[in-house]
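Colleague: Quick mapping for you: the protein sequence lines, in order, are chains A and B. For the first sequence, position 266 matches number 266 in the working numbering, and the numbering has no gaps at all. For the second sequence, position 70 matches number 70 in the working numbering, and the numbering has no gaps at all.
Warning: the hint list may mix true and false statements.
Unchecked claim - No more than 20 Å apart at the CA atoms, straight line, and that leaves these computed lysine to any residue pairs for SDA-like:
| no. | chain 1 | residue 1 | chain 2 | residue 2 |
| --- | --- | --- | --- | --- |
| 1 | A | 140 | B | 141 |
| 2 | A | 140 | B | 92 |
| 3 | A | 153 | B | 128 |
| 4 | B | 15 | A | 122 |
| 5 | A | 140 | B | 133 |
| 6 | A | 153 | B | 92 |
The set of hints was computed from the structure by calculation and includes no laboratory data. Remember, predicted model here, so these are calculated numbers, not experimental data.
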Amino acid sequence: MSFREKNRHVGIVGIGETRFSSHREDVNQPEMIREAVKDALDDAGLTMDDIDCVVHGNMELFEMVHQPDLWHTLGTGARGKDAFRLTTGGTTGGTLVGAADNLVASGMYDTVLAIGFEKLQEGHTTGGITNMADPLWARKLQSGALTDSAAVKAIAEFGADRAKRVAMLYRIIMDKHACLNPNSHRAFGLDWDQMEDLMENSPPLIGDLRLIHMCSQSDGACAMILSCEKKAKQQCDHPVWIRDHITVHREETLNLCVNHYPNETTHRFAARHLYERNGITAPLDYFDVFEMYDPSAWWGADWIRDFFLLEGDEHYRLIEEKEIMGGGKMPINPSGGVLAANPIGATAMVRVAEAAKQVRGNAGPHQIPGTVNHAIASSFGGTMWTILMMLEKELNW
Amino acid sequence: MKNSEESDSYIIHGKLALPYTYFAGRTGSTFLTTLRDHRTIMGVKCTTCNRVFVPPRQTCERCMADIRSQWVTVSNRGTVVNHTVIRYQDKHLPRKPPFVLAMILLKGADTPMAHILEGVNPDRVEKGMEVTAVFSPATTNTLLDIDHFEPVAEAP
Ligand SMILES: [Zn+2]
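Just chain B, same shape as in the assembly (with noise of 0.2 Å):
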């Protein structure tokens, strides 16, 4: 027998795919059937501090005041407040390296959202940059409904 200071040891390989589920809540549920049904964006407007939620929420961070009843729609358009270039490949990437990540101010809302921007050269991405909804043609009954942001296209 080898004295244990000199052995090798063993590595235990394992796999856990473990399935969840993931309540969405009333608030959220509207957004996404919205989405879905009827290609529109809302969020939930804050009367105390008059802050318009986009994706929504139940409460408000700051008031912690109950703003679920407060629905307003908002635009499909908006603009990039700020933006990365996703340069490596993983398992959890939605798309494959380089594509763009994106914080979208929509019109009417007041807080930006990520999403996935398309259409556009990831270097060529500019703050400010106008951008519209792509709504993905089969329902994924997600925030991905809205499949990516795509630049507006300039008018002639």
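Extracted from the complex, chain A is given alone in its bound form (with noise of 0.2 Å):
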């Protein structure tokens, strides 16, 4: 795989997010974005004639409005500007920020505004998703977002107790997470000796995956802006540097179940070519927080895994040991992660927010203890697209 570095380096020098929820109905679409861009340059102590491209994404068949970017204007502040269109799935978000990122490093724009929105309220995501299917060999015979791949390998490897009890684990410290930070649409403060109350009496979905290990269909928008190191510098104290990015994909079915091609998931192949390049050789050492784009409990537990290029079952002892907390050896999700919110065209580039805020150190009541000099966040989408986005406190690698 051939890789470039960037012709400039690219800084976040503004974030924002609206509340995420499933009543907003006080609000349209464009309204609802406009928040979030307000939000964003007030962060960034800019207005809109700073901006030179605005690149917009969500998913539209979860609302069944097309193009809306056509009449979005209203709350984008595209009138008149160079503006994109993106949508991948789950990774819209981290897709957008990695279009900015390629946007401000080329050369061709020196600040991109990028902003993901979704109304899941509005429409029918598992609709949306069940036409994602090929319509000739897979849409009849499907299970739409729900999935309990993840279950059925960790209990053939781990045991059915352990498992899910590390499943279930995972759920409640996402949800003492979620229970800090303001922004969150699921927050029910979970506590630790409910864990078999819901073990056994969750609503069960499909497999071993029940209602309380899914992520929940929300409203929100994020929105950021990346400017290149010069104006960075002049427009920000503190920006944060995106120091590297990756973007994979492939079909999934033809990899799934029988080893004729490495069996490598997206997730872990990412990872392994992002350190390499950048010479990261003890990941779990070298990062300070992670921001993981986790649709499920089960989903989450398992992509530790991959994601530090871990072996056996340590990504189960740094959760059994409560090592993702704040505080701990790899705080994961301190804003609660998706299980928290999962407005999904915004959810990935909320990752990368989220994660930015921490290494600023302003996350609000959510920031983690210490300095967080080095982060990362993935994007997740069907099927099995991974991006993973390194940002950095210093310029100086």
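Given two chains presented individually in distinct reference frames, assemble the corresponding complex, making use of the accompanying hints.
Modeller: Right under this line is the structure:
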């Protein structure tokens, strides 16, 4: 895989998020987007005059409104500006940041505004996801957004008892994080002693995936402003630098079950390549925080191993010893992650935004203790599309 | 007039039911007509990497070779390589829950295909279980001309 270093450094100078909720009847789509855009501009101390290009994205099939960018200028501020529209499923938000990163690094634009949004309450998410499948071979034979493939794999490897406990422990940890984040859509106040009850009584969806394990359908928007090094230093005292990003995907069904192809997941593949080309040999030691796109507790628990290139049950021990909480070896999703809020077109961007806020040290009540110098954020979409975004506090690599 | 910060907000309810067509292509069509007319399942073989794809495809994902003319017949029998139990109900699902969706590797094929598995307690499905295709009594001109798979009865 060929890879070139950027033409110039790119810094994050503005971050905006709406609160996430299933009740945003008070605003229409562009009005909700405007909240995030305004928040990002205010955060950066900029106006739309400073923005050279707008990149906009969501999953339009979810709301049954096509090409919303055509009339969303009311909220995006894109009137008269160069603009792009992107949609890549769950990874949309990560693709938006990646595109903005490339647009700035290339030298085409000095300052780019990336916007991801979704109003899942307006549509039918499972209907939308069902329609992503190949109409000829798969549309009538699939389970939509829900899968328990990670549960099957984990139970086969670690036994039902340990695997189910780890998944539920991960779920409760994420809820504890979500309770600290004022933007959370779902923050239940779960406690450790509810483990057994939830493992038995949360409604079953598919295989061993239960309702409590799964992410929500949320409304919300996220906006980020990226600038070239020169502009970023003028605009902002402490830009967060995007050191590198990687995006990979494949057709998953051919790879899932039979070992005809190397069975490395796209997560591990992406992580391995990203770390290799940046000289990171011990990612678990190097990074100070990880914002992961974790659509379910089963996936979240499983994927830690791939993202940090761990072996055996190292990822399970991180969860069991609660090392993924603030102050632990590798704090994961101080924001509560996707289990706390999933406005799909924004979700992956929120991971980057939240990781960047942790680097800045001003995430709010869910800021983790200690200095965050190096952060990583992941995006996920079906079928196994992975994006990893590497953030740095200092421009010193 | 109420202050707009306190007033309720309308929700516009609508429904889109959009018909669509999807062109199966010659490769997909050959598979479907053979299934319909001869109750035979066919795949295509990549002569570069020797993999047999079921359902068929015009190109090999790995080699990007054109494999459309390399037809091979595979068995109606195969083994379960993975499965899941659908426990929730929704309109798009092909059966009432609980039911089993399995990845089935047919004898002679190198890629598993997803299909419904019946005739077995959902909690008793095992990897490696031998299954056979049960054809639909009336044709649908889709992959559902295989109505479902079921376990091969054990020899007495
Ligand atoms: Zn091949």
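Colleague: Check whether the Cα positions of residue 15/B and residue 122/A lie no farther apart than 20 Å.
Modeller: holds (11 Å)
Colleague: Please work out if residue 140/A and residue 141/B have their alpha carbons no farther apart than 20 Å.
Modeller: It holds: about 13 Å lies between the C-alpha atoms, which stays within 20 Å.
Colleague: Starting from residue 153/A, check that the Cα of residue 128/B is at most 20 Å away, please.
Modeller: holds (15 Å)
Colleague: Keeping to a limit of 20 Å between CA atoms, is the pair of residue 140/A and residue 92/B held or broken?
Modeller: Holds: residue 140/A and residue 92/B sit about 7 Å apart, inside 20 Å.
Colleague: Given the hint that residue 153/A pairs with residue 92/B, test it: the Cα-Cα distance must not exceed 20 Å.
Modeller: violated (26 Å)
Colleague: Decide if the proposed pair is consistent with the structure: residue 140/A and residue 133/B, CA atoms, cutoff 20 Å inclusive.
Modeller: The given pair, whose Cα atoms are some 17 Å apart, holds under the 20 Å limit.
Comparing the model with each numbered hint stated earlier shows that hint 6 is the single one that does not hold.
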